[in-house]
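Protein chains: 2
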Amino acid sequence: MPAETFWVDGEIGALVPPDDRGLALADGVFETLRVAEGVISWREYHEARLLQGLRVLSFSNPQDLASGLLLQTEQQLAADLGAVSGTLRLTVTRGSGPRGYGLPIPEQPRSVVRFSPGLPDRLPPARLAISPIAWAEQPVLAGCKLLARTEQVLAMTGARASGFDEAIMCDPEGAWLSTASGNLFLRLGSVLVTPPITAAGIAGTRRQVIIEQCAAALGYRVEVRAITLADQQRADEAMFCNSVIGVRGIESVEDRSFICFEAAEALNHQLHPATAV
Amino acid sequence: MPAETFWVDGEIGALVPPDDRGLALADGVFETLRVAEGVISWREYHEARLLQGLRVLSFSNPQDLASGLLLQTEQQLAADLGAVSGTLRLTVTRGSGPRGYGLPIPEQPRSVVRFSPGLPDRLPPARLAISPIAWAEQPVLAGCKLLARTEQVLAMTGARASGFDEAIMCDPEGAWLSTASGNLFLRLGSVLVTPPITAAGIAGTRRQVIIEQCAAALGYRVEVRAITLADQQRADEAMFCNSVIGVRGIESVEDRSFICFEAAEALNHQLHPATAV
Chain A
1 MPAETFWVDG
11 EIGALVPPDD
21 RGLALADGVF
31 ETLRVAEGVI
41 SWREYHEARL
51 LQGLRVLSFS
61 NPQDLASGLL
71 LQTEQQLAAD
81 LGAVSGTLRL
91 TVTRGSGPRG
101 YGLPIPEQPR
111 SVVRFSPGLP
121 DRLPPARLAI
131 SPIAWAEQPV
141 LAGCKLLART
151 EQVLAMTGAR
161 ASGFDEAIMC
171 DPEGAWLSTA
181 SGNLFLRLGS
191 VLVTPPITAA
201 GIAGTRRQVI
211 IEQCAAALGY
221 RVEVRAITLA
231 DQQRADEAMF
241 CNSVIGVRGI
251 ESVEDRSFIC
261 FEAAEALNHQ
271 LHPATAV
Chain B
1 MPAETFWVDG
11 EIGALVPPDD
21 RGLALADGVF
31 ETLRVAEGVI
41 SWREYHEARL
51 LQGLRVLSFS
61 NPQDLASGLL
71 LQTEQQLAAD
81 LGAVSGTLRL
91 TVTRGSGPRG
101 YGLPIPEQPR
111 SVVRFSPGLP
121 DRLPPARLAI
131 SPIAWAEQPV
141 LAGCKLLART
151 EQVLAMTGAR
161 ASGFDEAIMC
171 DPEGAWLSTA
181 SGNLFLRLGS
191 VLVTPPITAA
201 GIAGTRRQVI
211 IEQCAAALGY
221 RVEVRAITLA
231 DQQRADEAMF
241 CNSVIGVRGI
251 ESVEDRSFIC
261 FEAAEALNHQ
271 LHPATAV
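So the sequence lines, in the order shown, correspond to chains A and B.
When you line the first sequence up against my numbering, it's residues 1 to 277, in that order.
When you line the second sequence up against my numbering, it's residues 1 to 277, in that order.
Since the hints were derived computationally from the structure, they do not count as laboratory data.
Beta carbons are placed, not taken as given, at the ideal position from N, Cα and C, and that holds for glycine.
Some, not all, of what chain B presents toward chain A, calculated at C-beta under 8 Å:
(1) Val-16
(2) Pro-17
(3) Pro-18
(4) Asp-19
(5) Asp-27
(6) Leu-103
(7) Ala-136
(8) Val-153
(9) Met-156
(10) Arg-160
(11) Ala-180
Use the sequences and the hints to build the structure in full.
Okay, here's the thing in structure tokens:
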């Protein structure tokens with residue numbers, strides 16, 4: 001199997017026209033999908049978020065587009081590579097368009113798919129910096145997984161350049177909102193606290209699965225509210241989650257250390273049984 | 001001459017690899033350049049802003065990259081199309097990269113150039129809506145012409161769907177900050193007021209030329225400060241500017257009408273003599 005495989009509008013190995021609006025204006029959204037033996041994990045959560053993004057961007061027929069593209073992506077993976085496991089990125093752009101901000105007429109969305117084989121190794125608890133780059137607040141777009149990810153690129157790059165694994169990104173008031181690549185949970189006793197994604201941030205699929213399913217299955221109660229300074233000090237455990245890594249424990253946030261990782265391990269096992277340690 | 005011409009890394013008619021980080025993450029910047037008979041107008045201002053964006057994104061050797069790419073773009077235009085006039089868009093991305101936010105090593109930036117022949121007709125004064133989408137404040141990125149332009153796409157689309165030409169975009173406090181495609185000036189007597197681009201917005205090249213050169217040449221004084229409600233009511237004239245249209249007068253912002261366009265016309269003539277009416 002080659003290192004990675006790409007499809008553009010379903011055509012394997014194709015390239016992207018330079019007038020694509022995803023490239024020109026970040027006019028589109030994406031999903032990063034975990035695939036285990038050819039099946040997309042937690043697919044209905046990805047479909048719901050993809051649909052939300054397409055609606056916010058005013059794409060035509062967003063429901064048909066979201067469900068159709070996820071189905072087509074899974075089918076083309078099976079047809080071309082078989083029942084593989086790995087990470088699949090589905091990018092949906094507004095397609096080719098004229099110069100400027102005005103919409104193409106008619107609009108022909110384009111899909112760009114990237115498959116990276118192999119599920120990631122289970123990683124040890126992470127050491128996090130606090131990024132100097134806060135989330136910009138844009139309630140209209142909050143939650144969506146837009147192509148525009150400049151802040152996350154800079155936060156992740158800055159943290160790694162300083163020897164950290166990842167970075168906490170705060171809201172403009174300085175409250176911990178997420179990490180560069182995932183959503184954040186603190187555990188205080190049997191309560192999991194995760195910040196609301198209403199003014200900024202990405203509404204992660206795994207965050208949603210934890211809120212709706214995994215927390216209760218393990219006897220935890222979730223509170224969706226801003227993380228306070230007292231929470232940071234009192235928390236028994238901290239963790240972040242995304243579709244690729246599942247749930248990863250946090251060993252430290254700068255000089256604040258955490259020594260317990262039991263909820264992170266248990267939640268990861270619920271989310272992604274195949275790679276739990 | 002074909003309708004439009006594209007170059008990818010200097011190769012005419014080439015396509016873009018699907019792992020380009022401009023497409024995947026909006027990891028890049030662009031300049032929209034006005035070209036008159038093969039020469040880029042106000043090129044040093046574009047180079048300064050391109051350099052600022054590349055620096056903010058931590059590209060390697062940003063100075064050489066910015067000046068080299070503008071020179072190469074002008075030269076390839078001359079070699080392939082001759083001394084043409086039109087609009088040239090230069091996109092600079094971080095090039096191909098691995099999945100995720102981490103930077104490619106080594107980093108090989110990619111240029112994507114689009115030439116649209118013909119200078120635009122001089123447009124009549126514009127009718128503007130006020131967009132419900134405010135600028136998100138991100139001081140680290142303010143001023144740069146990043147690929148991430150979702151808010152402008154939505155603001156422009158919304159205004160046009162309601163029969164307007166363009167839209168005012170406000171800051172989070174509701175003060176007029178810019179239009180979707182340009183920078184904003186109000187004229188109060190002999191004073192031109194334009195909002196600071198420190199927390200949000202794009203630092204337009206034509207805005208800078210007006211501040212540094214054109215205003216004084218016409219006897220106007222520029223105040224860079226937030227636009228107040230009193231300014232909106234008292235202004236004799238309103239206008240917006242960008243590299244394609246020059247300066248365009250504003251006839252109305254929703255129910256606020258303007259009847260004078262003399263500064264807009266005079267400034268446009270200073271900026272772009274060839275198409276002034």
